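*Asks:* Residues in the sequence shown are numbered consecutively from 0, following numbering that gives the first Met the number 0.
Since the hints were derived computationally from the structure, they do not count as laboratory data.
Check each hint, because a few of them may be wrong.
[As the list claims (entries may be wrong)] Derived CB-CB ranges, DEER-like:
#1 Glu205 with Leu39: 19 to 25 Å
#2 Ala36 with Arg245: 43 to 49 Å
#3 Thr305 with Ala43: 37 to 43 Å
#4 Thr301 with Pro49: 24 to 30 Å
#5 Glu193 with Arg245: 36 to 42 Å
#6 Ile6 with Asp288: 34 to 40 Å
#7 Ala269 with Glu205: 31 to 37 Å
Since the structure is predicted, the reported quantities are computational estimates derived from the model, not experimental observations.
Just so it is clear, CB atoms sit at the ideal spot from N, CA and C, and this is done for glycine as well.
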Amino acid sequence: MTDLNRIDEIIQADSQGWFARAAQVDGRPAAAEQRIAGCLDALAARPLDPANEQLLLALPPELLGIGRVAATLQVAAGLRIMLCPAPLRLMHPPTPALYRLPAPQVQHVSDGCLSLVKVALELDPGALDDVAIGASATVNLAPYLHGADHPALALRVLLGVLAAADGAAAATPPLAQAALAGLHRCRPETPVAENPAKQLALRFYERVPLVWGEGIAAAVAQDWAMRYCWYAEAAALAVEPAEVSRLLVMARLPRFWPNTALFTQLPAPAQTTDTQTTNAAALHAELADATLRLLARRRFATLAVTAPPGLSPLDHLLYLLELGEWVALYAAALYGVDPAQRVPLQLLFEE
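Construct the entire structure; sequences and hints are all you get.
*Replies:* Below is the structure:
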């Protein structure tokens with residue numbers, strides 16, 4: 000097993016310098032602004048008509064978790080967005096794009112997160128073809144967004160693009176100092192005893208992390224599990240809170256599961272001062288605590304990830320995405336895998 004206290008062992012399989020990229024947290028706002036500026040003209044050519052149009056954000060599978068975070072934040076701000084996997088029959092491999100569509104009633108799930116819809120179920124395929132060939136109706140995001148991008152950069156770019164499509168300023172503010180201080184401790188030169196990302200990677204090593212989180216943190220959990228699978232080529236699962244609290248804790252799972260699975264909870268961002276929202280968050284937190292207690296009674300290993308207190312919801316989510324990238328990279332180092340190879344994707348898209 001790789002010694003995570005030795006920098007030379009950590010980066011020996013890192014052919015593309017992704018550890019160095021992860022450490023560039025201070026430069027991500029400027030990098031995002033540069034990419035957003037590239038597609039502002041296309042977005043300004045035809046302003047969105049909020050009364051009669053909504054946006055369809057089509058993303059490749061590796062960006063769906065981040066897209067769900069971005070879309071949910073913008074829906075909360077009043078923008079109507081549908082999120083869907085990029086249609087494979089139009090793009091191979093699928094590439095990110097933004098479509099303008101007539102605005103039917105957008106469907107939401109009960110906890111307020113944007114539902115994930117499939118094009119084949121919600122749209123006439125022929126209608127999507129008509130949209131796809133209309134240059135004024137489509138913004139191709141491929142030059143500005145890629146599945147191999149750092150997750151926090153991808154979220155900043157998506158938020159800026161969606162805000163610009165709505166006619167708002169595409170600001171990408173820097174992270175709060177509390178978040179930056181925590182992320183700087185994740186760098187390879189920081190020893191395991193003081194490095195939260197290395198500690199998490201060691202807890203995950205040779206186990207199957209089942210990552211879950213309440214509300215919008217469930218979308219971040221989806222990104223954590225995906226990157227862990229693709230970077231380290233090791234098993235990881237993202238589960239929705241309802242699956243954990245209503246299904247898995249009640250199921251008679253195989254005997255080897257308590258020695259294999261590690262139920263990992265991501266914290267939800269701080270809620271607004273709205274009384275109804277605060278009460279709902281309190282109920283979710285109570286259910287999450289009860290779920291963890293029941294998992295412990297059944298001798299399952301559990302882990303609750305923490306974030307610096309006092310962060311805004313956006314900073315909280317960016318912090319978790321940054322931390323998840325570090326964990327996946329250290330997991331790749333532990334398994335001796337080059338994270339940039341992303342072997343599962345190569346196999347899936349091999350001609």
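*Asks:* A separate judgement is required for each hint: does it hold in the structure or not?
*Replies:* Structure-based check of each hint:
Judged by the Cβ atoms, the range 19 to 25 Å given for Glu205 and Leu39 is violated: they are separated by roughly 47 Å. Between Ala36 and Arg245 the Cβ separation comes to about 45 Å, which falls inside the hinted range of 43 to 49 Å. Restraint check, Thr305 to Ala43: a C-beta distance of roughly 41 Å satisfies the suggested window 37 to 43 Å. A hinted range of 24 to 30 Å is violated for the C-beta pair Thr301 and Pro49, which are about 43 Å apart.
Between Glu193 and Arg245 the CB atoms are about 38 Å apart, so this pair conforms to the stated range of 36 to 42 Å. Ile6 and Asp288 have their C-beta atoms about 39 Å apart, which keeps the hinted 34 to 40 Å range intact. A hinted range of 31 to 37 Å for the beta carbons of Ala269 and Glu205 is consistent with their spacing of about 34 Å.
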